[in-house]
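Peer 1: So the chains spell out like this:
2 protein chains.
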Amino acid sequence: MIGMTKKRGSYSKGVLKRQEILSQALKLIAENGFESTKLRELAESVNLSEAGLLHYFGTKDDLYVEILRENDKNELYELFRLNTENSAIRPSDAETECKKAEAEADQDNLQDSGTDSVSAATASSEHKHSGSESSMSELAERAGKLLDARLRLMPSQSREHVDVLSRLVRIMAHKAQVPGLVELYSYISVRAADKANPAHAYFLERRNISSAISVPMLKRLQKRGIVSSKLEPSDLNRIFNAVTDGLLVQRLIDPDLDIERLLLELCTIIDWERDPDSNPDIESIKNHRSQS
Amino acid sequence: MIGMTKKRGSYSKGVLKRQEILSQALKLIAENGFESTKLRELAESVNLSEAGLLHYFGTKDDLYVEILRENDKNELYELFRLNTENSAIRPSDAETECKKAEAEADQDNLQDSGTDSVSAATASSEHKHSGSESSMSELAERAGKLLDARLRLMPSQSREHVDVLSRLVRIMAHKAQVPGLVELYSYISVRAADKANPAHAYFLERRNISSAISVPMLKRLQKRGIVSSKLEPSDLNRIFNAVTDGLLVQRLIDPDLDIERLLLELCTIIDWERDPDSNPDIESIKNHRSQS
Numbered sequence: 001m002i003g004m005t006k007k008r009g010s011y012s013k014g015v016l017k018r019q020e021i022l023s024q025a026l027k028l029i030a031e032n033g034f035e036s037t038k039l040r041e042l043a044e045s046v047n048l049s050e051a052g053l054l055h056y057f058g059t060k061d062d063l064y065v066e067i068l069r070e071n072d073k074n075e076l077y078e079l080f081r082l083n084t085e086n087s088a089i090r091p092s093d094a095e096t097e098c099k100k101a102e103a104e105a106d107q108d109n110l111q112d113s114g115t116d117s118v119s120a121a122t123a124s125s126e127h128k129h130s131g132s133e134s135s136m137s138e139l140a141e142r143a144g145k146l147l148d149a150r151l152r153l154m155p156s157q158s159r160e161h162v163d164v165l166s167r168l169v170r171i172m173a174h175k176a177q178v179p180g181l182v183e184l185y186s187y188i189s190v191r192a193a194d195k196a197n198p199a200h201a202y203f204l205e206r207r208n209i210s211s212a213i214s215v216p217m218l219k220r221l222q223k224r225g226i227v228s229s230k231l232e233p234s235d236l237n238r239i240f241n242a243v244t245d246g247l248l249v250q251r252l253i254d255p256d257l258d259i260e261r262l263l264l265e266l267c268t269i270i271d272w273e274r275d276p277d278s279n280p281d282i283e284s285i286k287n288h289r290s291q292s
Numbered sequence: 001m002i003g004m005t006k007k008r009g010s011y012s013k014g015v016l017k018r019q020e021i022l023s024q025a026l027k028l029i030a031e032n033g034f035e036s037t038k039l040r041e042l043a044e045s046v047n048l049s050e051a052g053l054l055h056y057f058g059t060k061d062d063l064y065v066e067i068l069r070e071n072d073k074n075e076l077y078e079l080f081r082l083n084t085e086n087s088a089i090r091p092s093d094a095e096t097e098c099k100k101a102e103a104e105a106d107q108d109n110l111q112d113s114g115t116d117s118v119s120a121a122t123a124s125s126e127h128k129h130s131g132s133e134s135s136m137s138e139l140a141e142r143a144g145k146l147l148d149a150r151l152r153l154m155p156s157q158s159r160e161h162v163d164v165l166s167r168l169v170r171i172m173a174h175k176a177q178v179p180g181l182v183e184l185y186s187y188i189s190v191r192a193a194d195k196a197n198p199a200h201a202y203f204l205e206r207r208n209i210s211s212a213i214s215v216p217m218l219k220r221l222q223k224r225g226i227v228s229s230k231l232e233p234s235d236l237n238r239i240f241n242a243v244t245d246g247l248l249v250q251r252l253i254d255p256d257l258d259i260e261r262l263l264l265e266l267c268t269i270i271d272w273e274r275d276p277d278s279n280p281d282i283e284s285i286k287n288h289r290s291q292s
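Chains H and Z, in that order, are what the protein sequence lines are. At position 122 of the first sequence (counting the first as 1) the number is 122 in UniProt numbering, and the numbers step up by one without a gap. At position 88 of the second sequence (counting the first as 1) the number is 88 in UniProt numbering, and the numbers step up by one without a gap.
None of these hints come from the bench; they were simulated from the model. It cannot be assumed that every hint is accurate.
Intra- or inter-copy, both count: the list cannot distinguish identical chains.
Stated by the list, open to error - Using 35 angstroms as the maximum straight-line C-alpha spacing, the simulated DSBU-like pairs for lysine-lysine come out as follows:
1) K219 <-> K13
2) K60 <-> K195
3) K175 <-> K195
4) K230 <-> K219
5) K27 <-> K38
6) K38 <-> K230
7) K38 <-> K175
8) K17 <-> K175
9) K223 <-> K27
10) K38 <-> K195
Please model the complete structure; the sequences and the hints are all you need to start from.
Peer 2: Put into structure tokens, the structure is as follows:
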């Protein structure tokens, strides 16, 4: 028993140190770029040797993938905030609606098996900002369901789905503010071609998380006529992700590129918001964005 | 004079050797991927030492950028073939039309200066497959004008613009068949963030070439109502390029991803081919593609 306690103690310390390293890595990459952030420098800043640092992760690529995961997690929490802040919808209503959606989604999964939805980990009925304890897939699934639940609750005349759109776009464009992250992302995407590299699993996981969040939302928006494009939600999602990734790389050499504006243009292309009752043009979406 | 002749002799030999190295590099990368192609291996295959090989280019990054340029050049020649093969339009007519377009374009340039069109290098009135002698920008400008000229000559009922579309899409998706090139492209995009790196100039050049080819074409297609999306042609072009780049990276981990299909879906999204007289759905575009 003493052994176990010791182990748990050192385990928690390990978790904390890992967390410190990842936060520090994100900070250094944001400040100096990925190419200029040397492993030695990162190690020194957390009082470790290079070997000591890698001890927490494995290989360099393991470390890089964990840095990207840490950033993804931060972006997911931003998505969660969508569901709690500035909303006319009470959290308890969203919660009830979320449970309905879960039951519905389970049925959907039974019907169309083999889709690329994340394997249904049972989401706890109350989400806490629990750091490294929640797995990414659970977070993603929960975020997707809450987002969906919130969309179901919105009256059709509501302006809130415009808000959802503009904040989603802002999250997607977030990396643009941190070129170092885009550099790291590109670097790791090269490694992902090798199936044995941790980058490969990371990219697969990321794709699954993205569809777990976006595909049900796009389906719902199509059903309500807010997105009138007839494309398969999974294709729409792929195209959106591809545009975002591609624009982020373009922006490395072209810092004036306005990714948010181009993503909003793409939204008008897929006929997001062609609802005749509430048909803000791109200008009003932009104004809405700048006010929030 | 003798000195000059000698110099020219060794210059041509140098050009030939460079060309051999680049062709060999593209071959090795296509066969083995970028990560697995070692400089030593490339050097050995052209009977040089590593230092001897780099002598032709400068740094490793200079070599990598030249490999990508070589591939771009091959893709541009594919675009040229659009204008000569399988067309009901006589080359001489396209040539006359091209001159008209050049005069028009010059006027346009005077009117809206400061756009991102390639600086107007005077294109020779007859294009030859002249290898490394033509600069990329000249080739691109010429390709853009010929493509535009050909579009002007097409009767509105013609099916040829569907062919232009499907072949353009095929060229854009070409890299998908060669994951090694995509890996190299991602690798180099990381380096491009550094303005002093040759990758930076390469990406700027590539962006300018892309708009020199696509922007006038998209403008023309909008004027004729073949592309009914109201987006700025330069934004449409950026979005298309971003989708292509993003999908290529996605495909590294997902070899079943059908880039051609998704690009054609994107074409339906931008209302390409909403012309009521000739409104082939995506299926007929696909059939047309598989026949050609």
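Peer 1: None of the hints should be skipped; say for each whether it holds.
Peer 2: Comparing the hints with the structure gives:
For the homomeric pair K219 and K13, neither the shortest alpha-carbon distance inside one copy (43 angstroms) nor that between copies (61 angstroms) is at most 35 angstroms. In the homo-oligomer, the alpha carbons of K60 and K195 lie at most 35 angstroms apart both inside one protomer (16 angstroms) and across protomers (26 angstroms), since each shortest distance falls under that limit. With identical chains, the CA atoms of K175 and K195 are at most 35 angstroms apart both within one copy (26 angstroms) and between copies (20 angstroms). For a Cα distance limit of 35 angstroms, the shortest separation of K230 from K219 qualifies both inside one copy, at 10 angstroms, and across copies, at 25 angstroms.
For the homomeric pair K27 and K38, the shortest alpha-carbon distances inside one copy (13 angstroms) and between copies (33 angstroms) are both at most 35 angstroms. With identical chains, the CA atoms of K38 and K230 are never at most 35 angstroms apart, being 47 angstroms at best within one copy and 46 angstroms at best between copies. Taking identical chains as interchangeable, the C-alpha atoms of K38 and K175 lie at most 35 angstroms apart whether they share a chain (20 angstroms) or sit on different chains (32 angstroms). Only within a single protomer do K17 and K175 lie at most 35 angstroms apart by alpha-carbon distance; the minimum there is 25 angstroms, versus 42 angstroms between protomers.
Taking the shortest alpha-carbon separations for K223 and K27, neither the intra-copy value of 41 angstroms nor the inter-copy value of 49 angstroms comes in at or below 35 angstroms. In this homomeric assembly, K38 and K195 come within 35 angstroms of each other (Cα to Cα) both inside a single copy, at 26 angstroms, and across copies, at 19 angstroms.
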